[in-house]
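Residue numbers (the numbering used here), protein chains in the order written: chain A, 169 to 283; chain B, 482 to 593.
Please note that the accuracy of each hint is not assured.
Partial chain A-side listing against chain B, Cβ under 8 Å, derived [as the list claims (entries may be wrong)]:
| # | residue |
| --- | --- |
| 1 | Gly-208 |
| 2 | Ser-268 |
| 3 | Thr-269 |
| 4 | Gly-275 |
| 5 | Pro-276 |
In short, the hints are calculated from the structure, not lab data.
Using N, Cα and C, we set each Cβ at its ideal position, and we do this for glycine too.
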Amino acid sequence: DVKVTQSSRYLVKRTGEKVFLECVQDMDHENMFWYRQDPGLGLRLIYFSYDVKMKEKGDIPEGYSVSREKKERFSLILESASTNQTSMYLCASSSRAGSSTDTQYFGPGTRLTVL
Amino acid sequence: GENVEQHPSTLSVQEGDSAVIKCTYSDSASNYFPWYKQELGKRPQLIIDIRSNVGEKKDQRIAVTLNKTAKHFSLHITETQPEDSAVYFCAASKGSNYQLIWGAGTKLIIKP
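Sequences are here, hints too, so could you generate the full structure?
Written out as structure tokens, the structure is:
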């Protein structure tokens, strides 16, 4: 079974803090994704990576950065958290680099609240 | 830009009845259309997908149909059961890169 884990289920931070969300997958997948999930807006892609040290902007990258130093780990960084970044953050992975047609396996999500 | 429209946003059906959720996409290069189910408090999981060379695909009580000419695809659930209650997301592959374009989701409520 593919396992995708995220470092925290719930996180509360203050405005202006630097926030790190970590995601780890154990199936040697090439692609990793960070999504933001808000009611009525579905899943919006923030960043994705198809290889170590490679990253591509998604639809809403502003205010976020990412890091992929190892194949199994993909980190999402909020440089200076703001209240409009309060949301559910989902990480996902899929097997083949550059393929959009492979199943995406999701982590359990991190509910981030920024006060 | 490319988008996927999903309707309805909420669907309430009697247990045992059928449910249909519809999606329309705009990118003519899209060739892969998955459906994900997200139960309350859980992670999204793939339940069925279809590729552009196929018009229909079935898996037990669920089926997906694709009309490439009209650029729409639908999820059909027959004989609905309480465990079908969830949010369902459709998606379409983006022709230009590795992404999926996601619909906004449909909350399916099964009434006992």
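Status of the hints after comparison with the structure:
1. Gly-208: Gly-208(A) check passes; min Cβ-Cβ to chain B is 6 Å, inside 8 Å.
2. Ser-268: Holds. Min distance 4 Å.
3. Thr-269: This interface hint holds because 4 Å falls under the 8 Å limit.
4. Gly-275: OK, holds: Gly-275(A) within 8 Å of chain B, min 6 Å.
5. Pro-276: 5 Å, holds
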